[in-house]
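In this text, residue positions in the sequence shown follow the UniProt record's numbering: the first is 1, and each later residue adds one.
Think of the hints as simulated: they come from the structure by calculation, not from any bench.
Source: prediction; values computed, not measured.
Keep in mind that the hints are not guaranteed to be accurate.
Unchecked claim - Computed cross-link-like contacts, EDC-like style, restricted to lysine to aspartate or glutamate with a CA-CA straight-line distance of at most 16 Å:
1. Lys157 x Glu118
2. Lys170 x Asp137
3. Lys170 x Glu97
Said to hold, decoys possible - Here are the computed distance ranges between Cβ atoms for each label pair:
4. Glu118 x Pro225: 44 to 54 Å
5. Gly207 x Glu159: 15 to 25 Å
6. Val227 x Ser105: 33 to 43 Å
For every residue, glycine included, the Cβ atom is placed at its ideal position computed from N, Cα and C.
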Amino acid sequence: MSQPTLHDLHRPLGSTGLLVSPLGLGTVKLGRDQGVKYPNGFQIPGDDEARMLLKLARDLGINLIDTAPAYGRSEERLGPLLRGQRQDWVIVSKVGEEFTDGQSSHDFSAAHTRLSVERSLQRLETDVIDLVLVHSDGNDLAILNDSEVYATLAELKREGKIRGFGFSGKTVEGGLKALEQGDCAMVTYNLNEQNEKPVIDYAAAHGKAILVKKALASGHVCLSPGVDPVRASFELLFEHPGVASAIVGTINPLHLAHNVATVAQVLRSH
1 MSQPTLHDLH RPLGSTGLLV SPLGLGTVKL GRDQGVKYPN GFQIPGDDEA RMLLKLARDL
61 GINLIDTAPA YGRSEERLGP LLRGQRQDWV IVSKVGEEFT DGQSSHDFSA AHTRLSVERS
121 LQRLETDVID LVLVHSDGND LAILNDSEVY ATLAELKREG KIRGFGFSGK TVEGGLKALE
181 QGDCAMVTYN LNEQNEKPVI DYAAAHGKAI LVKKALASGH VCLSPGVDPV RASFELLFEH
241 PGVASAIVGT INPLHLAHNV ATVAQVLRSH
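All chains should be built: construct the whole structure from the sequences, respecting the hints.
As structure tokens, then:
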């Protein structure tokens with residue numbers, strides 16, 4: 001039996017005009033192994049291993065890739081790794097959080113936002129980033145109300161440097177406000193944590209995009225015996241019409257293929 005793929009299951013990313021696979025590849029593990037919350041340690045893969053993982057993702061029908069300046073060397077590695085394939089990928093990056101010498105810091109000023117996007121364009125070796133999200137420090141409303149980050153992203157969108165923008169936040173209020181003016185919210189939604197569901201409801205009602213982070217609770221999800229936690233997680237996600245795609249940050253090819261097969265099954269059985 002052939003491996004199921006997501007090639008024919010791509011779906012609209014809200015009203016951005018972009019079509020994305022229901023599963024996206026998160027790339028924090030390509031760039032950083034400090035200060036990350038995973039149940040097991042891991043080694044950052046070398047270039048050959050990373051190239052094979054990206055090829056597998058593409059062969060399995062994944063076209064969405066998620067990165068960020070806060071993911072260590074992730075962006076600068078992806079530039080060369082994706083050379084000649086730009087048209088095959090929808091690239092999501094972030095602004096607002098920096099990660100240097102094992103420490104995170106945040107800056108939501110207009111100057112830093114512009115500098116960050118210009119630097120991401122260079123690192124990723126591209127003229128345009130499909131979606132840029134604000135990497136919140138948890139003070140969602142303060143960032144949206146008191147900083148220039150959103151206005152600056154709107155300018156960069158008008159200039160054609162980004163195709164869409166949004167917010168990766170931690171609160172319902174932040175997510176709702178972010179969607180009023182932006183294209184996309186990235187929310188935490190899984191079997192353990194569903195308090196951001198009102199943001200997904202709003203997105204579904206207003207044609208906005210939702211990307212889900214921690215869909216598998218960063219690998220921590222556990223259920224009663226006999227229940228496949230991966231399948232149960234994706235059932236929960238994709239029964240909501242507001243969810244465009246879930247970002248899963250695996251560097252294990254078997255896990256990736258299993259996740260794709262499970263999502264394909266879930267979506268085809270709906």
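Numbered hints the structure breaks, given as an ascending list: none
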